[in-house]
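Since chain B is already given, all that's left is putting chain H on it; use the hints.
From first to last, the protein sequence lines stand for chains B and H.
For the first sequence, numbering that gives the first Met the number 0 assigns the number 0 to the initial residue and increments by one for each residue that follows.
For the second sequence, numbering that gives the first Met the number 0 assigns the number 0 to the initial residue and increments by one for each residue that follows.
Hints listed in this document are in silico derivations from the structure and should not be mistaken for laboratory results.
We put the beta carbon where it would ideally sit given N, CA and C, even for glycine.
Take every hint as true, because none was put in to throw you off.
One-sided excerpt, in silico: chain H residues whose CB lies under 7 Å from chain B: (1) TRP56; (2) THR94; (3) GLY122.
What follows is a list of derived Cβ distance ranges for each label pair: (4) HIS158(H) / ALA180(B): 41 to 47 Å; (5) ARG38(H) / HIS99(B): 34 to 40 Å; (6) ARG364(B) / ASP45(H): 37 to 43 Å.
Taking lysine-lysine and the PhoX-like style, the derived pairs with C-alpha atoms no more than 20 Å apart in a straight line are: (7) LYS103(H) / LYS58(H); (8) LYS58(H) / LYS485(B); (9) LYS62(H) / LYS389(B); (10) LYS62(H) / LYS103(H).
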Amino acid sequence: MKKLLCLLCFGLFALSGNTFAQLEDIEIEGSNSLRWENGDEVDERRANNEYPNNTIARRFVENQLRLDLYANNLRFGGRLLYFRPSDYDKYQYGIADTTHFDKLYIEAKIAQLSLRAGDFSELWGYGLALSLFENRDLYFDSELEGIRAKLEVGPLRLTGLSGTTPNGFLVKRTDVTAGRAEVGGSEGALGFSYVRNDSGIYRESNVAAVDWKFTRGVATVYGEQAWKDTYIGKHPDGSDRILFGRASFWGINLNKWNWSLLLEYNNYNYKDITPIQNPPAVYREVGPRLLQGREPHYLNIGDEVGYQLELSGSITEEIYSTFHYNLSSHHPENQGGFPRPTLQQEDSPFWEMFGNAEWYLPGGRTTFLELGANEEASVVWQDRLWAHAKYTTPFKDNQELEFEVEQLLITEHIGDDDHDYHDQLFSVGWIPSGGFSIYALYQMSDDENLKKKEGDNWLSVESSVSFGGGKHRLILFYGRERGGLKCSNGVCRQVQAFEGFRLSLETSL
Amino acid sequence: MKQLAGLTLTLLLIFAVFSEASAISRDWSLKNTNGGDYRLSEHLNDSPALIMFWASWCKPCKKELNDFKETIDFYADSLNVEVILISIDTQKTKTRVKPYLESKGYKWNALYDPDGEVLKMYGGTNKIPYTVLLDAEGKTQWKHIGEMKSLDELTGKIHELTGSNK
Chain B
0 MKKLLCLLCF
10 GLFALSGNTF
20 AQLEDIEIEG
30 SNSLRWENGD
40 EVDERRANNE
50 YPNNTIARRF
60 VENQLRLDLY
70 ANNLRFGGRL
80 LYFRPSDYDK
90 YQYGIADTTH
100 FDKLYIEAKI
110 AQLSLRAGDF
120 SELWGYGLAL
130 SLFENRDLYF
140 DSELEGIRAK
150 LEVGPLRLTG
160 LSGTTPNGFL
170 VKRTDVTAGR
180 AEVGGSEGAL
190 GFSYVRNDSG
200 IYRESNVAAV
210 DWKFTRGVAT
220 VYGEQAWKDT
230 YIGKHPDGSD
240 RILFGRASFW
250 GINLNKWNWS
260 LLLEYNNYNY
270 KDITPIQNPP
280 AVYREVGPRL
290 LQGREPHYLN
300 IGDEVGYQLE
310 LSGSITEEIY
320 STFHYNLSSH
330 HPENQGGFPR
340 PTLQQEDSPF
350 WEMFGNAEWY
360 LPGGRTTFLE
370 LGANEEASVV
380 WQDRLWAHAK
390 YTTPFKDNQE
400 LEFEVEQLLI
410 TEHIGDDDHD
420 YHDQLFSVGW
430 IPSGGFSIYA
440 LYQMSDDENL
450 KKKEGDNWLS
460 VESSVSFGGG
470 KHRLILFYGR
480 ERGGLKCSNG
490 VCRQVQAFEG
500 FRLSLETSL
Chain H
0 MKQLAGLTLT
10 LLLIFAVFSE
20 ASAISRDWSL
30 KNTNGGDYRL
40 SEHLNDSPAL
50 IMFWASWCKP
60 CKKELNDFKE
70 TIDFYADSLN
80 VEVILISIDT
90 QKTKTRVKPY
100 LESKGYKWNA
110 LYDPDGEVLK
120 MYGGTNKIPY
130 TVLLDAEGKT
140 QWKHIGEMKS
150 LDELTGKIHE
160 LTGSNK
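Bound-form chain B, shown alone:
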């Protein structure tokens, strides 16, 4: 398929040049991302040894060259991937060295019709029915290789697609066929989706969903409701055994006087999980760095119910503030009425509350302060309290200094025992010009178990420089970095503690 596509791409390129015969109509745009790491990482296979005798050499190179060519209404492009994962990643995630075009696509538009063949990502509604994306850091790729057609007729938009996901670490090969109709205007939209998943690895399933978003005055209401059936085998009488699941996501947002109130509720009960559905979480996914290193909560779309309430706005022109509370848990057994989360430990609750404020002070100074608390009773059972402060100030000749402190107090409940830990983070940054910055970061912890696994202090220096008129950005890192569960967009992967040198070069061509 890829070879055929590649061949036709080059053919089309040549033909389009002859047909249009106007080079000024052809544009090429692209980017290149290079990551190189050289150092040591913790090896879980040597868990019997204490740090630093549990490490293995880490040599990692990844280069992604992405090019797009536009010729009138025709676009084609692809990505050349050069990938040399570390030995530990090869073992842990079953990935291998590779150099090939892993993404190729061609797209044409005529009037309101758009056709694409090759690789593509897609998000429908809020992702309860279909959400296809790639995250290279997490080795997650649910993008389809196939065909997609989109047609716009006035306020109506129709989409049909068919394709196969690549076989990888977090996503296995599966065939997907789906269709969507959406009608919308300036004040709202309504969408209907249907997705069929059929493969020998994941169980066959069908998802139907309706999503909406409407704005009237100060209020915006939005959400999605989905129904899923999964084929799980045969009954003794020969009839199909079907597992029925459902998922709901509802939200309302009120805006008035530069203040905003957000209330969101989810009730995910899909029972059977496939990686092509990826609905929203009703909690903050990206928080202070110390918190991210402590088993952050991650969404269980097979069984989770929760809500979040957030008030944010400007207290004065200079002060912007946010107050937040959320609670999620598994569905409690024998709960009557409207599904709602509980704080019972057997339902694996997660709750969090925080308040923060950003001050924009005279003279270009800025301050950020956050206080918060949460409790996670899932993989671990921990209570956490944190404070996070950041201060940025300019000084002579347009230079800038940045200071940051995070403090995290953890109480971990193991059986009848409680263990208290204290994690700390200090950072100082110097930004002498718009294109250059350097930061020193120091973290420490008194967690004895963590000390055995990856040490009790982590010092690193990171510098970034932009050049070529902002088209290139080089980031250099040297030092020690904590491991932990790395999550993005609801997808998580365990990342090992690392010590060494890292280079990252982003180029916009």
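Below, chain H without anything else, positioned relative to chain B:
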């Protein structure tokens, strides 16, 4: 599957050869924060467009918007520059976009690009903020990866494109 792909590609070729060119060089459509559609070609009225890619979780992006709000408003009002904020928040965080922009009083066009499709169209990587300046035909004239500490270079380019004096 291969037959289907072959058929599609043939159709694509036919469409590409016989279709008329769009009014601008690279057109796209995204959802705005109210749920409606925003098509670039419908908003470029002989003026440049400033596209700022950001996300609700990106602190440098938010600082940049705050620091340069007045300057951006000035160019939007005086030189008719089309200002477009494109959030790459995924469905996990995109519901925070509208509350943030409205509570900060930003009146610019605010769009969602949750799978980064438009970001990739302009050579963007996963590093944001990412700023792109388009001419009136939708062609890329200037871009910048990362936070900008000064708008001198950008505003110079805007004056160049609009033919106005600094």
